[in-house]
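Novice: Listed below are the residues making up each chain.
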Amino acid sequence: MKYFVILIALVSLVGCASNKTLNSQAISYEQLNELGNRMTNRDCPMIDYYVNYIEDQLRYKGLYNRPPESMDDADRKYNAKAHVIIWGLRIGCANPSRYTQ
Amino acid sequence: MKLSAIALTIAGLTYCTTPRAECYVKSDIRLTRQTINAGPTDLQKLVTPGHCSVQYRVHIGDDWQTAEGVGVGKTEAEACAQAMDISRARVLLEASPQTVSANTQLVCNDLTEIQVRRVHVGETIWESEVDMHLHPQERKYFWYKNTQCRMFTERNSKDSNLFTYQGVICRTNSKATSKWQVVDKY
Numbered sequence: 001m002k003y004f005v006i007l008i009a010l011v012s013l014v015g016c017a018s019n020k021t022l023n024s025q026a027i028s029y030e031q032l033n034e035l036g037n038r039m040t041n042r043d044c045p046m047i048d049y050y051v052n053y054i055e056d057q058l059r060y061k062g063l064y065n066r067p068p069e070s071m072d073d074a075d076r077k078y079n080a081k082a083h084v085i086i087w088g089l090r091i092g093c094a095n096p097s098r099y100t101q
Numbered sequence: 102m103k104l105s106a107i108a109l110t111i112a113g114l115t116y117c118t119t120p121r122a123e124c125y126v127k128s129d130i131r132l133t134r135q136t137i138n139a140g141p142t143d144l145q146k147l148v149t150p151g152h153c154s155v156q157y158r159v160h161i162g163d164d165w166q167t168a169e170g171v172g173v174g175k176t177e178a179e180a181c182a183q184a185m186d187i188s189r190a191r192v193l194l195e196a197s198p199q200t201v202s203a204n205t206q207l208v209c210n211d212l213t214e215i216q217v218r219r220v221h222v223g224e225t226i227w228e229s230e231v232d233m234h235l236h237p238q239e240r241k242y243f244w245y246k247n248t249q250c251r252m253f254t255e256r257n258s259k260d261s262n263l264f265t266y267q268g269v270i271c272r273t274n275s276k277a278t279s280k281w282q283v284v285d286k287y
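Same order as they appear, the protein sequences are chains Y and U. Under my numbering, the very last position in the first sequence is 101; numbers go up by exactly one each time. Under my numbering, the very last position in the second sequence is 287; numbers go up by exactly one each time.
Fair warning: there could be bad hints in the mix.
Listed next, with one range per pair, are the computed distances between beta-carbon atoms [stated by the list, open to error]:
id : chain 1 : residue 1 : chain 2 : residue 2 : range
1  : Y       : Cys93     : U       : Asp164    : 26 to 34 Å
2  : Y       : Arg66     : U       : Lys175    : 52 to 60 Å
3  : Y       : Ala80     : U       : Thr136    : 41 to 49 Å
4  : U       : Val171    : Y       : Glu69     : 14 to 22 Å
Derived EDC-like pairs: lysine to aspartate or glutamate, alpha-carbon spacing no greater than 16 Å straight-line [unchecked claim]:
id : chain 1 : residue 1 : chain 2 : residue 2
5  : U       : Lys259    : Y       : Glu69
6  : Y       : Lys81     : U       : Asp285
7  : Y       : Lys61     : Y       : Asp48
8  : U       : Lys246    : Y       : Asp56
9  : U       : Lys259    : Y       : Asp43
10 : U       : Lys146    : U       : Glu179
Derived from the structure by calculation, the hints contain no laboratory data. Remember, predicted model here, so these are calculated numbers, not experimental data. Built from N, CA and C at the ideal position, the CB exists for glycine as well.
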């Protein structure tokens, strides 16, 4: 039974990973915004997963590690939203009292 | 009856002799002191025999200001303490309510003049080369990967459009006098 549960978990993880690599279409700004609005400190244990996921969206759009000065308005807005979410997670999870004091 | 009459007489006398409050107009003028938001930071020190020049940056109101002081003393510690006192007094003058004034100074020293400028990811900079974040809530330092960091904003104009970028800088080492690295800008 124990091994079965582990097997299911592994299959699920592989499934998630393969979906991520196959789907190279970035999510829309609205979806990104909604994702950001849903983030709370309960997501901190999954921070690496979310940061990677959002960075992947930037990669799909060709925005990863690009200076914002080189972007048009729509890309700059998308890029800024992605970074705000990423830093919101990084800061909020590592400094829990920052936004409550 | 006799006692009541005495009591009434005493009460009446007390009323007449008690000074009563008078009304008057009170003016209350308040001067607003500018807020020191951050600093001192980016301390630079130049020591020559008997002299010490210090320069550091303080964020007052909406801008970074440079505080400078030159001290004289028999020892380095004495000269630098005096220089810090002088610079501190200048900062307080800057933050205090003042009448409008203008002056021009010729300042000569070998310390680096720091100004807010456009920065790029990966650059090592002085903390006050980037502006404080527009939102006071985001001005506080935070920790990221065991390093002290803070957010900044950068205002640039391109083709007559004004752009405001945000970013993150982190200390390059744990010393209080360390420089900072631009970790992200977006």
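Novice: Taking each numbered hint in turn, which are not upheld by the structure, reported in ascending numerical order?
Specialist: As far as the earlier hints go, 3, 4, 7, 8 and 9 are violated by this structure, in ascending order.
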